[in-house]
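Trainee: Residue numbering for the sequence shown follows full-length UniProt numbering, starting at 1 and increasing by one per position.
Keep in mind the hints are simulated off the structure, nothing from the lab. Wrong hints could be hidden among the right ones.
[Said to hold, decoys possible] Once the Cα atoms are required to be at most 20 Å apart in a straight line, the calculated DMTMM-like pairs of lysine to aspartate or glutamate come out as:
(1) K334 <-> D274
(2) K121 <-> E249
(3) K102 <-> E249
(4) K121 <-> E85
(5) K132 <-> D230
(6) K102 <-> D245
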Amino acid sequence: VVGSRGCEEPHEFLNGFVRKSCSGVVTSASGEVDSGISTDCIRDGKYVPGSIVEYKCDDHYVIRGSRNRMCTDRGKWNGHVPFCEPYCGKRLLVKKLSAGGKPSSLGEWPWQAAIYDVKEKLIVCGGALIRKQWVLTAAHCIAYGGSSRPRPQNDFRVYVGKHYRNDSLDDEFVQQREVSVIVSSKDFNIYNFDSDIALLKLNEPVLLTDRVQLICIPKNLHITENNLKDGNIGSVAAWGLNSLDVLSEEVTQIQIPVVKNDICRRDYIHVTGDSDTIRTLTVNQFCAGRNTTISETEFQTVCPGDSGSPMVFYSKALDLWHIEGIVSHHLGKKECSKRQGGEYGIFTRVYRYVEWIETVIG
């Protein structure tokens with residue numbers, strides 16, 4: 001009679017381990033997936049009422065649902081089915097920012113992805129790891145030159161946990177993946193770079209480590225509006241050109257302020273005298289960079305090769321980092337060494353595409 005109303009084997013639990021007990025006796029070692037249970041707990045192939053299952057997630061994951069479930073007299077596990085969800089927006093190895101315009105510390109930006117062009121044999125863009133199998137980048141990074149049409153996925157590889165450009169300096173914590181699917185926004189416009197956003201699906205999920213973490217995508221308009229207030233400082237890390245117009249040999253990062261679009265237009269016209277280019281600004285974009293009052297020694301800017309890299313913001317209240325922008329293009333001179341204050345970088349506004357991102361990822 002007891003066996004007929006016992007509980008079936010609990011559901012599969014990934015990225016964590018399970019402790020099972022009955023009659024107050026724990027039958028699995030902490031940290032190990034339980035492969036069995038005391039015969040006292042199972043009768044006629046079912047767990048007896050009163051049996052308890054305790055769930056715990058692996059490092060880098062947080063549990064959602066019930067941590068503990070009990071087999072009831074009705075032969076059902078109480079509580080809600082739990083699962084392990086990856087953390088996002090956590091920097092585990094670094095607590096303080098490195099100086100802007102300098103090489104970053106190893107693991108300082110654990111969501112940073114490198115987009116490698118197989119034909120060019122070069123890291124051509126950056127990206128952001130938003131799911132274990134998905135990287136967010138700029139659409140123009142993976143398109144044919146002068147076109148909005150994506151290139152074949154076999155043209156690219158993705159690295160995460162990477163710090164040095166030179167592969168020979170990679171350690172065992174660098175992970176490499178092939179690209180299985182490329183999805184660009186159908187609204188991407190190569191002429192004004194509107195909707196310059198794309199998703200790369202990796203051939204298999206990455207392993208989350210202290211060096212490889214997800215960045216949070218912005219789902220709360222209030223947080224985004226606060227992050228993107230005029231003057232707020234965001235961070236960009238990338239492998240692009242440095243102030244000498246030479247490709248950076250390691251991940252370099254800058255901290256630059258958000259600039260309101262109307263000020264962005266005004267300053268650009270003032271510096272360059274060009275009133276045509278500023279029409280490229282749309283509601284799906286924002287500007288960031290240093291204004292005309294900045295000294296030459298303090299000047300920082302995004303450069304060629306930085307495209308696709310995330311602009312991220314830290315929320316002290318949440319203790320989380322969010323991606324708000326993707327490096328798209330620049331309202332300024334082509335050579336990084338000749339750029340000056342008032343010539344700003346243009347970023348794709350990620351919040352405007354959260355629904356699209358979630359639809360693509362599923």
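Trainee: Hints first: check each against the structure and report whether it holds.
Mentor: Going down the list of hints, with the structure as the test:
Note on K334 and D274: the hinted pairing holds, with a Cα-Cα distance of about 15 Å set against a maximum of 20 Å. Note on K121 and E249: the hinted pairing holds, with a Cα-Cα distance of about 15 Å set against a maximum of 20 Å. For the given pair, K102 sits about 11 Å from E249 by alpha-carbon distance, which is consistent with the 20 Å threshold. Distance hint between K121 and E85 is unfulfilled; the C-alpha atoms sit about 35 Å from each other, more than 20 Å.
A hinted pair counts as satisfied when its Cα atoms are at most 20 Å apart, and K132 with D230 does not qualify at roughly 32 Å. For a cut-off of 20 Å, the pair hint linking K102 to D245 stands: about 15 Å separates their Cα positions.
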